[in-house]
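Novice: Okay, here's what each chain looks like letter by letter:
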Amino acid sequence: MSEIAFESWARPLAFIHALSAIVLVGALTHGSVFLLLSTRKAREGNIRRAARFWPVILPALFLTLLSGSLAYPTYRIRTRAEFLDRHHPLTAGFFDLKENYAAIVMVLIIACWLLRREPSGSPARTFLHDPLFHLASTLAWVSFVCGLWVTLHRGIG
Amino acid sequence: MNEETKASPSGNGALTATAAAFVTVFGFSFALLAILPVKVPVYVPLEHRWQKGFPQLPVVGMDFYGRWFVSFLFAAVSALLAWGLVRFVFQWTPEKSGGQSVKFLSIYCFAAAGLSVFVYAYTLLFK
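Note that the protein sequences, when read in sequence, are chains A and B. Numbered according to the working numbering, the first sequence spans residues 1 to 157. Numbered according to the working numbering, the second sequence spans residues 158 to 284.
Here are the simulated distance ranges between beta carbons:
no., chain 1, residue 1, chain 2, residue 2, range
1, B, PHE283, A, PHE83, 20 to 28 Å
2, B, GLN213, A, ILE22, 33 to 41 Å
3, A, ASP85, B, LEU238, 37 to 45 Å
4, B, LYS196, A, GLU3, 23 to 31 Å
5, B, LEU238, A, LEU19, 32 to 40 Å
6, B, GLU252, A, ASP85, 48 to 56 Å
7, B, PHE247, A, ASP85, 44 to 52 Å
8, A, GLU3, B, PHE261, 45 to 53 Å
I should point out that these hints are in silico values taken from the structure, not numbers from a laboratory. Nothing here was measured: the structure is a model prediction, and the numbers come from that model. Ideal Cβ positions, reconstructed from N, Cα and C, are used throughout, including at glycine.
Could you put the whole structure together from the sequences, leaning on the hints where they help?
Specialist: Now the structure itself:
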């Protein structure tokens, strides 16, 4: 048995984590753009286009969080405790920021999913669904860039 | 009318309140758990065990799972409560208030999410 849970799987898990995060950020960004477009023209059509990303967003979110959570203990010991805390403490802070923002993104996405069938122009869509979706998209980008920044200093394992 | 634009009028208010309660409670509790000395379940990776609160140094503990779980649990219970109250007790719909109530719910949501975003950025990068 390895000293740290899932240590022997950490690299493949981190790889899956990165790939699914790319898919998630891409899908959220596209959805966000279509929702922005829906405020200007072809309202129903663009809302339908944004909604088409739900079958991508939910599995990508699940996979990103699951693979990240399983690889996290290895990162915490091998990457952070043994290297980042000693040489790049601010970068370790960026990782913590990313994980916590990812948790907020998950909640925002669940809330948006609950509101996904609200009709266009309804208060729930105008004041809740669309702004929460844009916030989720922005925070997902922040998390993604922070993760990339950490990996540039030292990857997992 | 397609599936995405179809909404049952009686379901609108309940789902709106559920989503708003979920985000608001999670945001506030997640932020508070970062700044208040509350003991959450902490995972100790080198010893493969969980404990309440951080272990003594130099043992490494991970509180993220615990903070997330506690906040998520609070948020899920609050969301279910909000859904039940709005659906079966108040039978509120956003149209009744001309959208004003949804604006207030939105303010709570963004205040909570914004507080979490600020607290974590401040405590992790600037403190």
